[in-house]
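Asker: If you want the building blocks of each chain, they are given just below.
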Amino acid sequence: MRVLAAMSGGVDSAVAAARAVDAGWDVTGVHLALSRQPATLRTGSRGCCSVEDSHDARRSADVLGIPFYIWDFAERFQAEVIDDFVAEYEVGHTPNPCLRCNEKIKFAALLDKALALGFDAVVTGHHAKLIDGQLMRSVDAGKDQSYVLAVLTAEQLSHAVFPLGDSTKDQVRAEAAQRGLAVADKPDSHDICFIADGNTQGFLQKQLGERPGDIVDSSGAVLGAHSGAFGFTVGQRKGLNLTTPAPGGEPRYVLSIQPKSNTVVVGSARDLEVDLVCCARPVWTSSALTADFECLVQLRAHGMVSGAAITLAADGQLVARLTEPQRGVAPGQALVMYDGDRVLGSATITSAERVCMTA
Amino acid sequence: MTYLDHAATTPMLEEVISTVSQQMHTVGNASSLHTSGRAARRMVEEARERLAAALDARPSEVVFTGGGTESDNLAIKGIYLARRAENPARTRLLVSAVEHHAVLDAVQWLAAHEGAEVEFLPVDGYGMLDPAALAASIERDPESVALVSVMWANNEVGTVQPIAEIAELTAEHGIALHSDAVQAVGALPVSFAASGVDAMTVTAHKLGGPYGTGALLLKREVSCVPLLHGGGQERDVRSGTLDTPGIVGFALAAELAVQRRAASAARLAELRDQLISGIRAQVPDVLLNGHPTERLPGNAHLSFPGCEGDSLLMLLDARGIECSTGSACSAGVAQASHVLIAMGADEPRARGSLRLSLGHTSSEADVLAVIDSIAAVVERARRAGMASGALTAASLPAAARPSGSQLSSLGGRI
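So the protein sequences, as listed, match chains A and B.
Residue numbers for the first sequence follow the working numbering, so the first one is 1 and each next one is one higher.
Residue numbers for the second sequence follow the working numbering, so the first one is 1001 and each next one is one higher.
Chain B extracted, bound-state conformation (with noise of 0.2 Å):
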């Protein structure tokens, strides 16, 4: 099986497997005052010391959450409510328009039921924010911003952003900045320190740690209102008994993806650069989207004009070759990117994309195995394109076709 989903989740590291199935073998509630509580407890701690210094934070900075969801939501909704009871005239949040739905939805919530305004910032045809637009749109009334929200690398395209000039414009004005950066750590040079980064969302799976652990890395001096509410075991912000296992596993994962993280990074780009030059030797007319150098070194994400997406995506599985449209699924209805959308695409590009994401298993056989297949798939998902008529460039009215202009012009090649 060739395995190019790793964005979506990572396989587990064989050492993360054996470390939490062993502490699994422990009984204790981190909260617990007796002696197996207090040995959860230790556990936790030296995690949360671990964790802290693989992303160069304070161990107090670490607030350990079920995932990259619960911390997006957390920051977003608990920084704002935060910073608008501190001064109600902060109602204004800005974030990039290419974020992960674990920040679009819940701004959109607050929107809806916490009197939010929200601005989303337009990227470029490569997915990238241009820090002049949030410079203006903060300048436009810098005390009524209640919290920016800008990932460190998207999930879809990989494009990577420019976080510290945004750190920078967010710092002159005393606004809370947040990122997801669940792509990012053990793929790019992360320190949360240096960062100027207020909140930031990190997650076990994604680096070979267990599903459903997670982390917000929280500021001392930024408060934040909790949305679980009980024993207030995580600096009173989150509630909930620790997963003292979940939790190892996951400092562990981050301790060896940020160790490995130089020579991985390199070795993937070489991978990730071959498979894209060899489906492009195959395809002739295979579209690059995303930024051609400012990426995740794991990532291609491409676009194959007159296909579906999900025609590929199964065609590709029955070879045994697994990846992701380039569409976020939605109520199970696969819905053009809002990330491509975003960056100019037409529905047609959008629709016929795919994201093959490398990771620590993958290797060159990986890369021929999808280079063997692609010709032959892409033939045959282009006659399914023309056969179901749905959403072929011929088939809709020229006003909706793309322009030749305008599909090169998106990101483009390298």
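Bound-form chain A, shown alone (with noise of 0.2 Å):
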């Protein structure tokens, strides 16, 4: 088999590749160039994007002894994943840029590209489980990534390869080691590639501008300003800067943003809690599910798991009543269905409401 080991420089995709090695396959090694001008150095926690990372994938890739090249995908991840991710937050949604990579570039623009050249498969470092084309949770819980997998297509998955499933982000780190990977203890990353000081706010603030509005409560009073509606997200509590304190002192969250009037709607934590989350464009890992059915949802990259019954509407929407309230369920982020750790698909979460006030 000749697969392609997409390759950041760090120490998950690293281990991925070496492991593909082990496996007898034919691999060759590549880096995403995803920006037209990538710092020379790594900076705080990002862990992909900069010539120091291109060059920890290329000594990687010398010690295991495969080929290795750069390829340009600045360009499509433009297009694809940040001006999506800047289009996303303007309509008031929180986007998921990791998500949007796999769907559009790691699984999309280059697999075709690897496929189109003669490749088999993709393989990455994702923590993941793929079995008999099954995508599974990592045994890591807490470095488990199938979430951020489940907008991928059973045709998708085909050409995958996730070897760190069986991991835990230690032990990938210990074989790193034991293998002379250079990359064994380098940091994890954990703020978005393309965002370089981690300031999302601010770097939103860039690409739309100053758009001021208010800041209100259910009932429409004014409780305060912000400069841009867009840098808001469903659940948020810092940095809301409000004037009128809430009677009794009780925090305040983000309940909604309102793009069309700009006004952010803010409310209390009980305001927050939803249970019926509706959702557009399902995408079926395996087989497709047409009956309605229960499952466990997780709404967030990480954590917010219920159980919900789950109903499939004719016109492709899908309504997802949870058995225990969630907060801070954001229009824009993924609705992902597991059968205990198996993913059985996603969808695009695109309103969610409190209905039954007595759960």
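Everything labelled a hint here was simulated from the structure, so no lab data went into it.
Possibly wrong hints are sitting among the right ones.
Listed below are the simulated SDA-like cross-link pairs for lysine to any residue, each with C-alpha atoms no more than 25 Å apart in a straight line [stated by the list, open to error]: (1) A:Lys186 <-> A:Thr243; (2) A:Lys104 <-> B:Arg1383; (3) A:Lys104 <-> A:Thr350; (4) B:Lys1219 <-> B:Asp1243; (5) A:Lys104 <-> B:Gly1306; (6) B:Lys1219 <-> B:Arg1380; (7) B:Lys1219 <-> B:Arg1235; (8) A:Lys104 <-> B:Arg1380; (9) A:Lys169 <-> A:Phe203; (10) B:Lys1219 <-> B:Pro1088; (11) A:Lys260 <-> A:Thr243; (12) A:Lys169 <-> A:Val139; (13) A:Lys143 <-> A:Thr243; (14) A:Lys260 <-> A:Arg137; (15) A:Lys206 <-> A:Lys186; (16) A:Lys104 <-> B:Glu1347; (17) A:Lys104 <-> B:Asp1243; (18) A:Lys104 <-> B:Gln1335.
Pair ranges (Cβ atoms, derived) [unchecked claim]: (19) A:Gly65 <-> B:Ala1263: 35 to 43 Å; (20) A:His55 <-> B:His1113: 41 to 49 Å; (21) B:His1101 <-> A:Lys206: 27 to 35 Å; (22) B:Ala1133 <-> A:Gln78: 46 to 54 Å; (23) B:Gly1212 <-> A:His55: 45 to 53 Å.
On a predicted model such as this, the values are computed, not experimentally measured, just so you know.
Even for Gly, the Cβ is constructed at its ideal location relative to N, Cα and C.
With the hints in hand, could you dock these two chains into one complex?
Answerer: Structural data, given as structure tokens:
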């Protein structure tokens, strides 16, 4: 089998490539250049986009004795991930760019190019398992990345290999050290790779400019002002700078973002709880489900898991009735459905509300 | 393995390897006064005389450096600073738009930090400078020109520049002329004395000599501010302990390259033409970049419409054929070549290009290996170009799409 190992310069993708070599496959390493003006040195907790990161990837490929190339996907990344990220925030959504990158870059642009060039599959260092074509959670619950892979179709997954799903992050690091890979103790990346300083609000403001508006409560009473509704996310508590304190002094959270009126609606933690989540564009990671069913759902990249009854509407909408109300369910995020540890599929959250007040 | 990247570096000559290693067994700093020092100094000076003879220069015109990039930087910055010191009005730098980054980035640095006004001289669709454009630029204000820099032959597309005509223009106005001749020596007849060039960059590793050794040939009357200060070893223009083994190897490589030049150039030009016509027979829509006749004998620079250069490179590499994409690698990311852009190529043509460069170890078997593989490789790269959708003509907005006439006017076919 000929495989293309996507190598970010981090420890996970280096060990994934090493395991592909051990499997006896013909492995070629590729680092994706996602920025036309990469920084020279890595800063903060970004982990893939500087020249230093591409050098790290190259050194790992050297140690593994595999060919290595840098492919320029900067333009595609800008159009499919960064522009989409900004556009989503602009309409009051909270996008997940890692998920979008998997959907549009790694397992679309990169995979298509790899297949056309004669490779059979793309290997990545994601923490997730693929067993008989079924996408599963990693054994390392803390590092599990099945959520950001749940946008992939069965067809895309049939050309994906995730060699790390049975290992914890600690095991991966230990193995990297044992193999003499210099990235063994490289820090994990956390932030959004294209926002160098980690300041998402500042990044959005630079893209979208200042758009001052009101912060209101559910009754419409003005409690404060903001410089751009796009800078907020549902469930956010910090950075509201409200001038009118809440009665009883209880903390207030962003309940919703209204792009048309350019207002941010805030309320109490209790107002934030929802138990009915409406979604669009379901994607099934194995076979498409057509009848209503019960499963577990995850509503953010980390945590927020609840039981749910899923109803499929004829128009492609998907509605999840949660058994436990959740706070901070943001339109634009993915709802991922699980049967135990097995991913069933995902859909994009469009709205959420509280219907059952006794729940 | 089929090595077709001689323009990047060419295999070291066996004679050079044995001479350099022999010299490495010998101790001696060429600046030391004792017997060993004098022996090393003698080797350096003999090498200087031999290199000068090979390039038709005087020994005192040879300034040894650490390679082509250093020589370019020394010439551009050193001569600019010296000539501006003589006359503060001299702040203009006229350079061709297709220079190597060692020249381009040096002039840009002078613009940013030393008040230089840089003018990039346009080239035609073959990458050739029009001397009339240089004349017009000089004549706008001859007194203000500090330096003109035009490479002897282009490292990417292989086009040979009209250096004699350019030198006539600069001489007429008493303006210093620098030429990067890194690709020219050993491929074209190069006489420093006859050229009218005031400063000329040469380097060893393009001739079968060692890496990290080069020289700036600098006329005695051209003043040049040093960039490296210290012992003043090289005419007080360049400091640093001399690399005796490297210098000895460089001189031998240059001598051999010049001795063998005529026969080698004829042989390589024939192989190159066989390579180009063989590729064209397999891939009829291939485009040749650069001048059809005024080009380096070992250079074939081709664009494959619909392909990404990096796909072509990888697929050929996997088949044991080594070449280079037509683009300069900037910070690890392939950028469309400034040379092709200056020639008027659109970005897809620039990105879909490959440089196959032949040299002293190249044989007909190498050419046949490429011809044998190219159709399959291009077909596959084309599919990948469509698949990844990045910058194929079809994916661009209509305004950015190359028109047929634009493509065929660019250097065309031979």
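Asker: None of the hints should be skipped; say for each whether it holds.
Answerer: Quick rundown of the hints versus the structure:
For the suggested pair Lys186 of chain A and Thr243 of chain A, the alpha carbons sit about 43 Å apart, so the restraint of at most 25 Å is broken. Among the hinted pairs, Lys104 of chain A with Arg1383 of chain B is consistent with the structure: their alpha-carbon atoms are about 18 Å apart, no more than 25 Å. Straight-line distance between C-alpha atoms of Lys104 of chain A and Thr350 of chain A comes to about 20 Å, which keeps the hinted pair within the 25 Å bound. Simply put, Lys1219 of chain B and Asp1243 of chain B have alpha-carbon atoms about 22 Å apart, close enough for the 25 Å limit, and the pair holds.
Of the pairs offered as hints, the one joining Lys104 of chain A and Gly1306 of chain B holds, with about 21 Å between alpha carbons and a cut-off of 25 Å not exceeded. With a C-alpha separation of about 52 Å, the suggested pairing of Lys1219 of chain B with Arg1380 of chain B is violated against the 25 Å cut-off. For the hint linking Lys1219 of chain B to Arg1235 of chain B, the alpha-carbon distance of about 11 Å falls within 25 Å, and the restraint holds. Pair hint Lys104 of chain A plus Arg1380 of chain B holds up; C-alpha atoms about 22 Å apart against a cutoff of 25 Å.
Between Lys169 of chain A and Phe203 of chain A, the direct Cα distance comes to roughly 31 Å. Violation of the 25 Å bound is thereby established for this hinted pair. Restraint check for Lys1219 of chain B and Pro1088 of chain B: the C-alpha separation of about 22 Å stays at or below 25 Å, so the hint holds. Taken as a hint, the Lys260 of chain A and Thr243 of chain A pair is honoured in the structure, with Cα atoms around 23 Å apart against an allowance of 25 Å. Under the criterion of a C-alpha separation no larger than 25 Å, the hint pairing Lys169 of chain A with Val139 of chain A is consistent with the structure, at around 10 Å.
Proposed proximity of Lys143 of chain A and Thr243 of chain A is contradicted: the alpha carbons are some 39 Å apart, above 25 Å. Distance hint between Lys260 of chain A and Arg137 of chain A is unfulfilled; the C-alpha atoms sit about 39 Å from each other, more than 25 Å. Annotation: proposed proximity of Lys206 of chain A to Lys186 of chain A is violated, straight-line Cα distance about 31 Å (limit 25 Å). The hinted pair formed by Lys104 of chain A and Glu1347 of chain B meets the criterion: a straight-line CA distance of about 23 Å does not exceed 25 Å.
For the given pair, Lys104 of chain A sits about 53 Å from Asp1243 of chain B by alpha-carbon distance, which is inconsistent with the 25 Å threshold. The suggested pairing of Lys104 of chain A with Gln1335 of chain B holds, with an alpha-carbon distance near 22 Å, which does not exceed 25 Å. At roughly 40 Å, the beta carbons of Gly65 of chain A and Ala1263 of chain B sit within the given window of 35 to 43 Å. Taking the beta carbon of each, His55 of chain A and His1113 of chain B are about 28 Å apart, not inside 41 to 49 Å as hinted.
Checked against the given bound of 27 to 35 Å, the beta carbons of His1101 of chain B and Lys206 of chain A, roughly 30 Å apart, stay inside it. A beta carbon spacing of about 36 Å between Ala1133 of chain B and Gln78 of chain A contradicts the range 46 to 54 Å that was offered as a hint. In this structure the hint that Gly1212 of chain B and His55 of chain A lie 45 to 53 Å apart at CB is violated, the actual value being about 21 Å.
Going down the numbered hints, you'll see the structure goes against 1, 6, 9, 13, 14, 15, 17, 20, 22 and 23, while the others check out.
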